[in-house]
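Taking the hints as your guide, dock the two standalone chains into a single complex.
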Amino acid sequence: KAGVTQTPRYLIKTRGQQVTLSCSPISGHRSVSWYQQTPGQGLQFLFEYFSETQRNKGNFPGRFSGRQFSNSRSEMNVSTLELGDSALYLCASSLIGSAGYEQYFGPGTRLTVT
Amino acid sequence: AQSVTQLGSHVSVSEGALVLLRCNYSSSVPPYLFWYVQYPNQGLQLLLKYTTGATLVKGINGFEAEFKKSETSFHLTKPSAHMSDAAEYFCAVSENQAGTALIFGKGTTLSVSS
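In order, the protein sequence lines correspond to chains A and B.
So the first sequence is numbered by my numbering: it starts at 3 and just counts up by one.
So the second sequence is numbered by my numbering: it starts at 6 and just counts up by one.
The reader is advised that the hints may include incorrect statements.
Stated by the list, open to error - Residues from chain A shown here face chain B by an in silico Cβ test under 8 Å; the list is partial:
1) 19
2) 33
3) 35
4) 44
5) 45
6) 47
7) 50
8) 58
9) 96
10) 98
11) 103
12) 104
13) 107
14) 108
15) 109
16) 110
As the list claims (entries may be wrong) - Simulated crosslink set (DSSO-like; lysine-lysine; CA at most 30 Å straight-line):
17) A:15 / B:111
18) A:59 / B:74
19) B:74 / B:63
20) B:74 / B:111
21) B:73 / A:59
22) A:15 / A:59
23) A:3 / A:59
24) B:111 / A:59
25) A:3 / B:63
26) B:63 / B:111
27) B:63 / B:73
28) B:73 / B:111
Simulated from the structure, these hints should not be mistaken for laboratory data.
This one's a predicted model, so the numbers in the text were calculated from it and none came from an experiment.
Glycine included, C-beta positions come from ideal geometry on N, C-alpha and C.
This is chain B alone, in the form it adopts within the complex (with noise of 0.2 Å):
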């Protein structure tokens, strides 16, 4: 069955510092891969995929994630945070071929500091 394990509820970084968002997945196919970030009373808001292709996923607002198989890892990352990018960060695994019947992490709480 697959599974997603987000390391660390909550991350709290300075502004400017690097963002480092763990995530592993089980799988026992191919997976297609999502990050989903919410902000506070509202819904998901798609911040990158992988579906197939190159393992470097760039998304919106400056966060890319890499995909590696061995490691069985899709860890977001972001150079450098901004204060907007605090937030409720969500890892999801798809095993069908739609990428729909997401099957979500716990989440992990950003807090940008000033």
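Okay, chain A solo, but in the shape it has when bound (with noise of 0.2 Å):
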């Protein structure tokens, strides 16, 4: 069974441009959750989304935002890009209902704001 899958992988954008990150679960499951990771902040949760409704939020600015698709496909945008966006933003997924209660990542995407 193929992985979580983020594209892009790299991407460098401009302060004051928006960008929008996608990630695609593993197949058949249903939650999809997004964490920024950056040295200083380390991992912090973003926001997740089941069944096409945010179910969970952080504690983010509304400059980011999120939603997901009926195929469970899941995107985030950031707007208005700051120089402390860049990050790596780690996408999971999880098959809610099951025993395991676990979470699988994706490799995430690298953003660079200059």
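Put into structure tokens, the structure is as follows:
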């Protein structure tokens, strides 16, 4: 079974621009979560989507948004990019309802804001 | 609010020595606890998890952890370190029933010398 895939893997944007990152979960997984990883703040939870609805949200400004499609694929968008948004963005999917409670992580998208 | 503290940002051991990575958490409800490992330029891989039941949890690659409610700890151990164990390790907590919306510790980098 294919793992979580994220596209693109690397991205360079300019301050003020917006960016969209994509995540395809493992087949059958209906929950998709997004995390930001930076050297200073570590791993921080952004939001979780389940069945196209945002179910949990972390403490990030409104510039960070996401959505989930009917096939469970998810996108996250960051508007008006700031230098501090440079980070590795990780997507994770899980099979809600199983006994596993496991989140499977993708390799991440490395975003650099210049 | 939930939080996770990992004592020691960097731990160095010799090959064959005991590995002990410390994790303390705070949670207002019975938590779900996880240890993840991250190799350079990769996503996170689940090592082990505690949800309910037996407090000593065995994971992959010979790792185990013990949930101690009275000490609010979930330390990770491995009896004998291998060179391949060198990586960054993250402890995480979730308070929701699905085990999502993880709150991570700052991480501990494990170095293994021959």
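Going down the list of hints, with the structure as the test:
{"no.": "1", "hint": "19", "verdict": "violated (25 Å)"}
{"no.": "2", "hint": "33", "verdict": "holds (6 Å)"}
{"no.": "3", "hint": "35", "verdict": "holds (5 Å)"}
{"no.": "4", "hint": "44", "verdict": "holds (5 Å)"}
{"no.": "5", "hint": "45", "verdict": "holds (4 Å)"}
{"no.": "6", "hint": "47", "verdict": "holds (5 Å)"}
{"no.": "7", "hint": "50", "verdict": "holds (5 Å)"}
{"no.": "8", "hint": "58", "verdict": "holds (4 Å)"}
{"no.": "9", "hint": "96", "verdict": "holds (6 Å)"}
{"no.": "10", "hint": "98", "verdict": "holds (5 Å)"}
{"no.": "11", "hint": "103", "verdict": "holds (3 Å)"}
{"no.": "12", "hint": "104", "verdict": "holds (5 Å)"}
{"no.": "13", "hint": "107", "verdict": "holds (4 Å)"}
{"no.": "14", "hint": "108", "verdict": "holds (5 Å)"}
{"no.": "15", "hint": "109", "verdict": "holds (5 Å)"}
{"no.": "16", "hint": "110", "verdict": "holds (6 Å)"}
{"no.": "17", "hint": "A:15 / B:111", "verdict": "holds (27 Å)"}
{"no.": "18", "hint": "A:59 / B:74", "verdict": "holds (27 Å)"}
{"no.": "19", "hint": "B:74 / B:63", "verdict": "holds (17 Å)"}
{"no.": "20", "hint": "B:74 / B:111", "verdict": "holds (21 Å)"}
{"no.": "21", "hint": "B:73 / A:59", "verdict": "holds (29 Å)"}
{"no.": "22", "hint": "A:15 / A:59", "verdict": "holds (25 Å)"}
{"no.": "23", "hint": "A:3 / A:59", "verdict": "holds (29 Å)"}
{"no.": "24", "hint": "B:111 / A:59", "verdict": "holds (20 Å)"}
{"no.": "25", "hint": "A:3 / B:63", "verdict": "holds (24 Å)"}
{"no.": "26", "hint": "B:63 / B:111", "verdict": "holds (23 Å)"}
{"no.": "27", "hint": "B:63 / B:73", "verdict": "holds (15 Å)"}
{"no.": "28", "hint": "B:73 / B:111", "verdict": "holds (20 Å)"}
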